[in-house]
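Assemble chains B and C onto chain A, guided by the hints.
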Amino acid sequence: MPEFEAANDAELDVTFVPWEDVSTRLNTGFAGGTAPDVFGHGPAAAAGLAESDRLEPLDGFIELLEPSDLEDLAAFLVGGQVNGSQYMVPLGGEGRLIAYRKDLFADAGLDPDDPPSTWNDAYDAAVELTSGDTAGLILQTGEIQRVQSFMGLLGSEGGQLLSDDGAEVTWNSDAGVRALEYFVRLHQGDPAVSDLLGADFANQPAAQNPLATGSAAMVMVTSGQAVQIARARPELTDQIALIQPMSSAEAEMFGGPGPGLFMNKDSGNKELAWAFMEFMLSADVSESYAQVTGQIPVRASAKDGDYVADEPLIASFIEAGPNFVGSPNVPAWVEVRNVIDQHLERALHAEVSPREALDDAAAEAGPLLSGE
Amino acid sequence: MMSVHTSRGPGRIGARWPAVRRPATRWIARRRPGTFLVLMIATVLVMMPFLWMLSIAFKPEAEVFTSVPSMLPADPTFENFSTAWTSGNVGRAMINSTMVAGAAVLVNCTFAVLAGYAFAKLPFRGSTLVFLLMISTAMVPVAVTLIPLFLMTKGFPLVGGNDLLGQDGTGLLDTLPGVVLPHLIAPLNIFLARQYFFGLDDDLGEAARIDGASELTTFWRIYVPLARPLVAVVAIFSFTAVWDDFLWPLVVTSSMEAETVQLALSKFLTGGNVMYGPAMAGAVLVILPVVAVFVFNQRSFIAGLSDGGVKG
Amino acid sequence: MGALFVAPAAAYIGIFHLFPVVYGLYLSFTRYSPLDRGGPQLIGIDNYVDLLSDADFHKSVRVTVQFVAEVLPFAVAIALGLALLANRSMRGIGLFRAGLFLPRIVPLAAVSLIWLWLYSPDGWFNHLLGQVGLDPRNWLLDEGTALHAVAGMRVWKALGGNMVLFLAGLQAIPRTLYEAATVDGANSWQRFRYVTLPGLRPVTTYIVILNIVYLAQSFAEIFILTGGGPLRSTTTTNFLIYEEAFQNNRFGSASAMAFVLFALIFAFSFMILRRMGSNR
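Chains as they are written, first to last, in the working numbering: chain A, 2 to 373; chain B, 13 to 324; chain C, 45 to 324.
Just chain A, with the same shape it has in the complex (with noise of 0.2 Å):
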């Protein structure tokens, strides 16, 4: 920060705020005017915010990059994007990968060097790979985690969420139910090969995580998780590897861009405050930012810096990039998963069968899609 207000002559006030607060923080911010010019926040907030007209769109001050920028950040940058125009700058890239122990492999007789490359396939390896204290497959099932999970499936099924104008419900197409029925056979099938139904590992020290604690073979993880338990425990580094997104027609997986920054619509200032956000994507600057968040560069031309030579792993997640789905940019989004997550969880634990669960969700989401 210092080195941003030394180079353009200004003065930041930076405030922290822990992700989970930001939208208490904001909305006070925004009813009493006192939002501030740039302010970070998860892309799923993105078409909500724009709807209520309280984002300046960006699309005038991309322009002004340098091509090459341009091209180095695209990959990235869509997810930023509501009906078009850009409203988010992402400050680095999330997604998701299953990891795997090759000891565990190897123990129970799996070649470590040719994981599954199917979900099929997965499920097979993983009844191999469950034992009495060792669970085969883990997928994310945490709070708002299993439908990014769900979406990952769902998408390697060859269908999504919503329609491509974002107006309708596809999720309880039969490529959603079956899907769903894969994640369901995971915890309730014969054999079950999952356990953990509904841990938060994003919210656990990466010591104990099922993959570092060696109670699973293979878990699903973020890029920030897959550096966070090869730090807490170097001494698995090279028992750990990760599989390249899985298929049923399609590879597949959940990921996008991480929390971006966002700029007021009514800030007076608007000049300086994309000056920080283009220093914030700034090719050092992002870097670091990666590296202290355990993410993926936002900018391509970063897998060949420092942190990707550092973090091997990441290299994995950077290959993984095009095969990335995100979250769809519709206003309601936050809501209609919430709406989403809370019959996914009905479902895993078998209170309702996948196309009862997936049509109940269906039927509350419409309303909350065509705005009430």
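Keep in mind that the hints are not guaranteed to be accurate.
[Unchecked claim] Covered stretches of chain C, as calculated for chain A (at least 3 residues, CB under 8 Å): (1) 78–91; (2) 123–132; (3) 164–170; (4) 290–298.
I should point out that these hints are in silico values taken from the structure, not numbers from a laboratory.
These numbers were taken from a predicted model, which means no experiment stands behind them.
Virtual Cβ for every residue (Gly too), placed ideally from N, Cα, C.
Same frame as chain A, but now just chains B and C:
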């Protein structure tokens, strides 16, 4: 409860060693080994999560949450404390929180106690209604009152660039007075004071009034000395209420200069990237002043204090 | 004269506590998102009507009641026991009191992480279970145990404050009453039953109501320990209000929920205040 009544006794102990002159107080372990043992076990059990916290504060990152839990750090370090202190703004935050909490303690101990006394000993027409209205405000979830309170803080007249009508400026936003605003008098402290004074004898005040004392003198000379434990509790609770508050300082402050302790700590605790060592070290640092406030105030809880002049 | 003593507190609370509540009441009859530029729009009693058929809300009220009922007896009874133990004037007692009070003052966000770990599959509780040969449990992930686990932590957190209140209450009981009881030949149980307990009544009334008010508005520990799950088994009403207000930006309907919750808390508190009496 067995151990409770066998060793009961503000009466007995107080009778032999009145609070004012107790030359022969001894270490509890020697006087009553049984009670000591029970207290010891209870205290250790209650402190267990804190002891784990303390242990993590002294552990290097590699030792945190290993698969076989060990409370004693194999390789103790002070690094977490220095990280918390230097990169967490904990020092500044502690000064801020102390000032804010101090103000809350002073105002609560004066006006909440006074109001509670009046509700108990000097009821007036409509006092029950006023009392119920006051305590009912504590029963409404903060999510509802957050925004109006924020707007009022921003519109506080004649400060922060505001005019008389509270326009044009930012009022008390991002100031310490803004942080203390909702904590100055806690309705539940008034309630506590009311209940406490109910327990004290009416005759004392009557006697003073017959002697010609004013109401304020009666309150101050007769009842306040008997209410020292009450004042101690109000002080402790007012202090901790401010010290623990997270949501209000989060929305009302924005600069490091006005940061409070819970905000400073939250930097180590943000979801997905928790720094366990510094977080626990910071938490340990941050409770030290509160422990000091508690230890100072708890001296008012001396068995047999309510001797002076109370008629049975 | 009494009114004069109350005046400063009444003025302050009227402005800074009551007014925001009244504004919140107004919001409960509106549709309002702070993100929208329009401000609140009056929609009458729609928000309240919607709550009648809101299954999540109904469940949250049941969860809240169960949570309060589970925590309250332990938080009060154990605190009374601790206060009686710690109520003596001896050197070193301050240390015990401080130790017992500690849970009340440890920053919740930090200590919740410890509890999260204590309850986790590889945590300390399961470690202890393992040592006595019992199977580990998924305390926070199992619908059958999650609320109990949160309640357990909450009892722990509430003990210190309640103990301090009982300690203060014990000081208000005149020593002479104990002397008189002893002269009358009362044993220690009888002294406890007929002197201590009645003497503690005003402060006990306070403690019970205070705990109901706080417990019924539990949020932070649930947010950190379970996020309201599994299957909404720990979603208390205040947790739902938070989600509705700050995630869904529906302050109108959140306010309506808040005032239904308020009515419940007030009704219970008022009943207890009446029953346990103002004790004059």
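Hint by hint, here is what the structure shows:
For a cut-off of 8 Å, the count of residues in the segment 78–91 of chain C with a CB near a CB of chain A stands at 4, and the three-residue condition holds. With 0 residues having a Cβ less than 8 Å from any Cβ of chain A, the segment 123–132 of chain C misses the three-residue criterion, and the hint is violated. Check on the segment 164–170 of chain C: 3 of its residues sit with their Cβ under 8 Å from a Cβ of chain A, so the three-residue criterion for coverage holds. Three residues within the 8 Å Cβ limit are the bar, and the segment 290–298 of chain C against chain A gives 4, so the coverage statement holds.
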